[in-house]
Amino acid sequence: MSALASSIILDHVVPSHLAGSPERVERSDVWGRMFSFEPGQRYIVEASSGAGKSSLCSFIYGLRTDYSGSISVLGSGSVASLSVSAVCRLRESVLGWLPQQLGLFESLSALDNVLVKNRLTSFLPLSRIREMFECLDIAEKLNVPVRLLSVGQQQRVAVIRALAQPSRFLILDEPVSHLDPDMSLRVSQLIESSVVPDATIIATSVGNRLPLSSFTLLNL
Amino acid sequence: MKPMQSGHNPVSRILRSHLSGAQLVGFILANVVGLFIIMAAVRFYADLNASDGAGSSDSFVASSDFVTVNKRVEGLPVFGASAATSFSPEEIADLESQPWVRRLAPFSASGFDVNASVDMGGRGMSTALFFESVPDSFFDTLPPGWTFSPDNPSEVPIILSRDYLALYNFGFAAGRGLPQLSEAMIGMIPLRISLSGNGNQTTLRGRVVGFSSRLNTIAVPESFLSWANSVFSPSASDPAPSRLLVEVSDPGDPAVSAYMSGHSLEIGGDKESSSRALHVMNVITGVILAVGAVITVLAVVILLLSMLLLLQRQRRSIHLLLSLGYRPALLIRPYLSTVLFTVIISFLISSVALLFVAPVWQEPLASVFSPGASPLLPFVVGAVISLFIILLNALALLRVVKSNFRISQ
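Listed in order, the protein sequences are those of chains A and B.
With our numbering applied, the first sequence has no gaps in its numbers, which climb one by one up to 220 at the end.
With our numbering applied, the second sequence has no gaps in its numbers, which climb one by one up to 409 at the end.
Hints may be right or wrong, so weigh each one.
[To be verified] A short, non-exhaustive set of chain A residues, derived as facing chain B with CB atoms under 10 Å:
no.	residue
1	Y61
2	P99
3	S109
[As the list claims (entries may be wrong)] Chain B stretches covered by chain A per the calculated footprint, using a threshold of three residues with CB under 8 Å from any CB of chain A:
no.	region
4	9-22
5	314-323
Simulated from the structure, these hints should not be mistaken for lab results.
Where is the CB? At the ideal position from N, CA and C, for every residue including glycine.
So that you can see chain A by itself, here it is in the shape it has in the complex (with noise of 0.2 Å):
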C-alpha cells in the first residue's frame, strides 16, 4: 500500500496510436504491462522518434487521455478522471514538467518565466533563481524577452523553470537535446542538487541522454 500511494503506477497503458501494433506493444519495457515509477529512482526513457515518449509524459501529467489502462499518481486514481481542481493541485507541486516544446512564454522575460511557475509555488527565492541563471551561464538573459533566446538557452530557461517546485516526480522531455555534453552535464548536476530528496526523475531521449550519475534504461 505505501509502495503504491508513493509512486506512479501504469496499469497496462497502452496509447491509442500503439493499439493496433502489438508487436511494438510486446517489444516495450513499459507499454502494456504493470509498471511502476519508484520514489528516488532515476528513469532514462529512450525510443526512436514517434515510440511515445511524449505521449507517455502527457499522459502521466494528465495533459492528454488517449491511452487504455489506468495511471495513478500517489495512489490518486486514475489520472485521467481526476477532476480539474486534483490536477491542478498535482500539477503545483507533485508534478515538475519540462515539456519537449518548452512551453516559454515569448513576450516575456527568461526570469519571468521562471516567475509565472514560482509565483504559484513560492518554492525557490529569488536570490536561487539568479544563481541558477548563473549556474547554466545565462545569467546576462535574464531580463531578455525569451524569444531573442536561442533554443538551447531556451531549454535552459525551461529545465530552471520545471525546477521552480518541490516536484515528487520531474517529468523531463528531452531536457538537453539542444545542449552540448559539458552544458547537459551541468544541468544534470544542477537538477540533481535541485530535486527534494527521494524525488523520482523521469527523463526522455532520442539519443542525447541528460548525463545523470546513475539510471534505469527504459526502453519504448
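Guided by the hints, dock chain B onto chain A, whose structure is given.
Frame of chain A, contents of chain B only:
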C-alpha cells in the same frame, strides 16, 4: 477582488495582452444606454404607481385593485323588488370567470334591525343602521380588535366609510350645531348597538375601529354577521347580495369598464379615469422597459463575445498556464476584473444620469399625483442586472477556460 497590476504580474500581463479597449468602450456605451433606460423606466413606473391612491390612504383594504361593484338602480322604485339590483349566482359566476378578476366576494348584508345610540354630552342620539361584511381575507391588514366571539357576544368592532363621517361632519353636524368629530375621537366613543328581529333582542357595545375609503359601507366582522343573522334574521337563507367586492388585476383595464357598462353595473368610488390613464402609462413604460432590456442584452452579448474572442486569442497561453498548475478560477481573474470594472463603471454612469434626469418627469408628475416612490428601487434593479451580467461572464469564462484543460484527441 484586487485588480492585478500588470507590471508585477507576468500572468495577467500575458492574459490581458490582446485586450481591446474599443470593444470595452463599445460595451460600456451600450450597457449605459440599456441600463439607463431600464432604470429610468423602473423609476417612472414606481413614481406613477406610488402616487396612485396616495391621497386616500386606506390601512385595511390598501390595494387599489379592489373595486366595489353594484347594479345601476333604474326606473321607479318598487318595494319588494330588490331582486332587480341583487346578483344571482349565475351573474356572480359570470363575473368571476372574467380574466381580469382575481377574486371576488359578495357583501353579506344584515337581515335584522340594527339601532345604534350614542350619548354625547348629555344629548342622546340614535339612528337605525345596517351592517355588511366581507371575508377577512380581503383585508391587507386586519384592524386592531377585529374579532368577534359568538360564544361571548359583548363588543362589535366596526369599520365606517369615510364618506359617512364627512357627511356627518360637514353636512349634518355643521348645520345642527353638533360637535364635529375626528376619526380618533370616534374610535373612543362607546356605541350602544341594539339588535332585534325574529323575536329576539339584545344590546351590545360597539366600537369604530377604523375608517375606509374603499369599503363604502358599515362593515363588521364576518363572524359577527353570520352569528347575528342566525339569531335575528327571520329568513333562514342569507339575502342575495347586491354589492360585490372585486379584486381586479388592473382597474384601468378597458375590458373592465366595457364589461361594467355592458352589464349595467357600476363601480363604486371614482378611480376609474385616473386608473385608465395609469394603465396607458404603464403599458408605455413596459414598452420602454422592453427596449432597455433588449439594448442591455445586446450590450452583454458584445461583452461576452469580446471576452470569448480574447480567450480564443490566448488559447495557447491559457493551456500553458493550466499545464503549469494554474487553476481555471485563477486564470479568469484578470478577465473578471475587467468585466467587473466595465460593468461597475456603466452602472455608475447610468445611476448618475438617472439622478439628473428623473426630476424632469417627477415635477410635472407631482402636480398631477402625489409622488412618494422609494428612490432606491431603480438602483436595486440596476445593481441586480449588473450582478447578473458579472455572474454570466464569470460562468462563461470558467467554462471556456476549463475546456482548454486537456488536449482533446
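### Task
Test coverage of the region 314-323 of chain B by chain A using CB-CB distances below 8 Å; three residues minimum.
Result for this restraint: holds, n = 5.
### Task
Have a go at the P99 (chain A) hint: is there a Cβ in chain B nearer than 10 Å to its own Cβ?
7 Å, holds
### Restraint satisfaction for Y61 (chain A) [CB to CB of chain B, less than 10 Å]
7 Å, holds
### Message
Interface hint check: S109 (chain A), Cβ to nearest Cβ on chain B, cutoff 10 Å. Holds or violated?
### Response
At about 8 Å, which falls below the 10 Å cut-off, the nearest Cβ of chain B leaves the hint on S109 (chain A) intact, so it holds.
### Message
For the region 9-22 of chain B, count the residues whose Cβ lies under 8 Å from any Cβ of chain A; is that count three or more?
### Response
Result for this restraint: holds, n = 6.
Hint compliance for this structure: every hint is met.
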